[in-house]
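Engineer: Line order of the protein sequences matches chains E and R. Counted from 1, the first sequence has number 257 at position 257 by the working numbering; the numbering is strictly sequential. Each number in the working numbering comes from the position in the second sequence (counting from 1) with 267 added on.
Bear in mind the hints are in silico, worked out from the structure with no lab data behind them. Some hints here could point you the wrong way.
What the hints assert, rightly or not - Calculated lysine to aspartate or glutamate pairs in the EDC-like style (CA-CA distance at most 16 angstroms, straight line):
1) E/K239 to R/D758
2) E/K98 to R/D845
3) R/K801 to R/E723
4) R/K766 to E/D167
5) E/K239 to R/E763
6) E/K98 to R/D758
7) E/K98 to R/E843
8) E/K259 to E/D190
9) E/K239 to E/D174
10) E/K241 to R/E763
11) E/K241 to E/D226
12) E/K239 to R/E354
13) E/K241 to R/D758
14) E/K239 to E/E257
15) E/K144 to E/D89
16) E/K144 to E/D167
17) E/K259 to E/D168
18) E/K144 to E/E131
19) E/K144 to E/D168
20) E/K98 to R/E354
To be verified - Covered by chain R, per the in silico footprint, the following chain E stretches (three or more residues, Cβ under 8 angstroms):
21) 103 to 110
22) 135 to 147
23) 158 to 172
24) 175 to 183
25) 241 to 253
Being a predicted model, the structure only gives us computed values, none of them experimental. Cβ coordinates follow ideal geometry from the N, Cα and C atoms, glycine included.
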Amino acid sequence: MPVEFGPDEFKTNERRTIVTRFWIFLFLLVPILGVGVFLWAPYAGVYLPQDVSTHGHKIDHLFTFILLLTGAVFIATEVVLVVFMWRYDRERNQDPVKFTHGSHNLEMVWTIIPAATLLFIAIYQMNAWAEVKIDRPDIPPTLKVTARQFEWRLQYPGPDGVLDTRDDIHTVNDLHIPVNEQILIHLESDDVLHSFFLPNLRIKQDAVPGSTIPVWFRATEIGAFDLVCAELCGWGHYKMKGRLTIESREDFENWLEQKRQEQEAVQ
Amino acid sequence: MSATIAHGHEGAHGDAHAHSGSFLTTYVFSRDHKVIGIQFLISTLLWFVVGGLLALAVRWQLAWPWADMPIVGRMLFSAEGGQISPEFYTMLFTMHASVMIFFVIIPILAGAFGNFLIPLMIGAEDMAFPTLNMLSYWAMWPAFILMTASFFVEGGAASAGWTAYTPLASVHQAAPASGTGQTLWLLGLIFVGISSMMGSVNYMTTIIQMRAPGMTMFRLPLTIWAMFITAVLQAFALPVLTAALFMQVLDRVLGTGFFVPEGLMINNETAGAGGGQPLLWQHLFWFYSHPAVYIMILPAMGMVSDMIATFARKPIFGYKPMVYAIAGIAGLGFIVWGHHMFMSGMNPYLGMTFMLATMMIALPSAIKVFNWLGTIWGGKIELTTPMLFSLAFVSMFIIGGLSGIFMAATPVDLFIHDTYFIVGHIHYVLFGSSAFAIFGGIYYWYPKMFGRMMNETLGKIHFLLSFIFFNGTFFTMHILGAGGFPRRLADPYHYEAFKHMQPMNQFMTICALGMGAAQIIFAINFFGSLFFGKRVGRNPWRANSLEWQAPSPPGHGNFDFQPVVYRGPYEFNSPEVDEDYYPQTQPPPEKGGQEKQKEGEQH
Ligand SMILES: [Cu+2]
Ligand SMILES: [Cu+2]
């Protein structure tokens with residue numbers, strides 16, 4: 001029975017054979033290059049940055065876990081697509097077309113297996129979420145962070161140990177925290193939405209005007225890292241950059257004392 | 268209905284001329300669904316150019332920040348000496364997204380394809396409400412005009428992101444463009460909403476009421492099922508967006524303060540009376556805009572299903588599961604909006620609930636992918652241009668669907684939220700999937716629209732370049748995002764940690780420029796084929812659905828005979844007939860098996 005239809009381009013000839021192979025090869029490049037890019041990424045330094053938090057490894061582990069899982073599904077489905085394109089090309093497939101409207105059993109299989117997998121991911125990740133966003137430590141805040149166009153204002157309790165008193169110590173874009181200690185931040189905004197993003201601590205939280213939102217974490221290594229604004233806050237959003245310094249308790253206290261003296265000198 | 272259909276062979280064609288009062292009523296203020304569909308198509312394609320150019324400007328800045336833009340730079344930004352300013356940059360990505368979403372993808376799928384295909388595919392002579400249909404197109408024009416005007420007002424067009432998050436968008440002092448530009452943007456979207464609502468009511472009524480004899484719901488092509496469910500989504504979700512848009516307009520114009528909290532100080536000025544909640548906007552906005560993601564993908568899925576069945580010469584695998592999957596996506600689509608707000612300060616327990624629903628919505632998408640693969644299994648595939656785009660849709664949708672799981676997982680979203688991972692994901696869904704399906708759909712239905720084929724060779728070159736450059740532009744965004752590269756930064760390299768990602772961004776920009784250039788080939792093919800395309804008969808692809816039984820192009824009233832439907836639209840290679848296709852209108856053979864007889868008797 002004649003299957004050729006439409007314009008001349010679809011007539012069987014040598015050119016069609018070559019062109020068809022070319023298209024199938026093109027589709028094959030998707031899984032090959034897709035996997036290739038992800039294998040190359042860590043070497044190019046374009047991958048999860050160094051993690052210096054206690055909870056970050058859980059997030060990274062979850063990322064890797066989902067990457068492997070979705071990667072497997074990605075490779076499988078893309079390869080099946082290519083194999084079918086090759087095997088069931090009109091020229092190659094000499095068998096009669098399988099006249100079928102589906103298979104109840106197959107539908108059940110590919111409904112239940114993904115459903116179970118997705119449910120598993122959903123439950124599997126809950127602990128990590130609870131640790132970062134639900135189980136708030138019961139301690140007084142280490143500092144208050146107030147975002148505003150286009151800077152981070154930081155406010156540490158003064159010698160009285162209480163926030164929002166006259167002796168508070170203020171800095172701008174210069175965030176210091178002691179290492180290996182539980183930190184609790186009260187995050188606020190003066191004007192529009194911002195987002196408090198510490199890539200290396202796997203912390204992100206929008207700052208919402210009118211609300212005080214708690215953010216907590218524990219840093220594990222000494223060093224200096226970026227504080228990024230991750231929510232569009234106006235034209236200067238790109239330059240709303242802060243510096244995070246993680247240091248020993250001693251260095252932290254020295255720094256705080258130095259800031260306090262600088263502040264008093266001005267007053 | 269039968270009155271206009273009762274005429275001879277060439278009747279439908281002659282009819283068009285008989286009814287045409289003047290040029291104005293035939294081609295401009297036409298009430299014919301086909302003309303309205305083509306009007307939508309041409310308008311949206313023109314906006315596609317605008318949205319694309321805005322995107323290229325964004326890409327330019329990301330590759331070579333603050334470098335003089337070649338050719339157009341001096342003209343556009345003479346004040347800055349040919350550079351993009353940060354204010355202008357925020358406007359660029361805001362308007363790119365707004366144009367692409369509200370002026371291109373939504374109206375091209377529902378307005379252009381929905382309009383053109385629904386009556387033809389269900390065997391109706393027109394929409395249920397032709398005048399309403401015409402108005403739905405003309406309601407787009409105030410939106411077009413308002414948006415265009417907003418580029419020229421003081422402060423420029425909207426630049427608070429396409430999500431228009433408050434208070435940045437709603438408070439005048441918050442940004443230079445949060446002045447008139449933002450108000451015009453809001454009013455423009457209200458008109459888009461009016462247009463969509465009129466379309467939606469019309470589509471639902473038409474599909475329920477105007478089907479040809481024998482066209483049961485489960486004999487509808489999947490394109491129509493998708494259009495139907497999309498219309499339902501629009502009808503339920505749009506009122507919420509419209510209310511939210513009005514509230515933001517009131518906040519801006521009358522200072523109502525729905526979204527502005529107490530004591531807001533912006534640029535050392537008190538902003539409004541307060542008493543509002545910024546997160547309220549996000550809830551209202553996403554209550555519409557998450558379903559909108561499905562409004563932008565479901566019709567594409569339907570169209571791809573039709574094309575894949577036609578060019579695999581095989582019935583759709585799992586027709587009913589496909590329908591249930593579309594319905595499932597639509598249903599779940601209403602309870603997942605919160606996944607855009609995991610980091611917003613929303614109750615984290617609520618976040619978990621949204622996470623669970625979002626995980627589950629991946630399921631119907633997966634079912635659809637498996638069924639498309641099932642459809643080409645054992646078929647006889649012909650890689651025409653529409654089929655290449657359709658298979659590319661499947662291939663790209665797999666990526667876009669799977670990358671969604673990362674974001675659904677709340678702890679992972681914590682890191683990748685507002686990074687380029689999201690930008691990559693959304694473009695795999697909206698460009699790699701929706702736009703590829705749209706291109707495929709244009710190549711596929713063009714002969715029906717204009718009676719001529721588009722050029723296959725040019726089509727394939729267009730496909731090749733689009734496919735390669737698309738992936739070159741967007742795939743690497745996933746690893747950029749994994750590297751924490753934030754979106755919406757006018758100069759990401761302001762951060763030391765992202766400096767080494769600039770060469771990669773330059774590569775992406777070059778690919779984006781290539782992708783833009785490839786669309787010139789498409790434009791030449793589209794407009795050139797109007798005059799030089801090969802003329803075709805009614806059914807150039809030998810497909811089954813009703814539109815292929817009408818003349819190409821169909822005249823006023825569509826069919827020159829009364830279509831009666833005997834079977835579903837995907838009976839390719841049925842053992843009942845010798846041909847490899849079996850049109851829905853073809854009566855079963857006289858001395859066929861018992862089953863066919865029964866089927867015929869249903870009418
Ligand atoms: Cu910001
Ligand atoms: Cu969403």
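Engineer: I'd like to know which numbered hints this structure contradicts. Please list them from smallest to largest.
Structural biologist: 4, 6, 8, 14, 15, 18, 20, 22, 23, 24, 25
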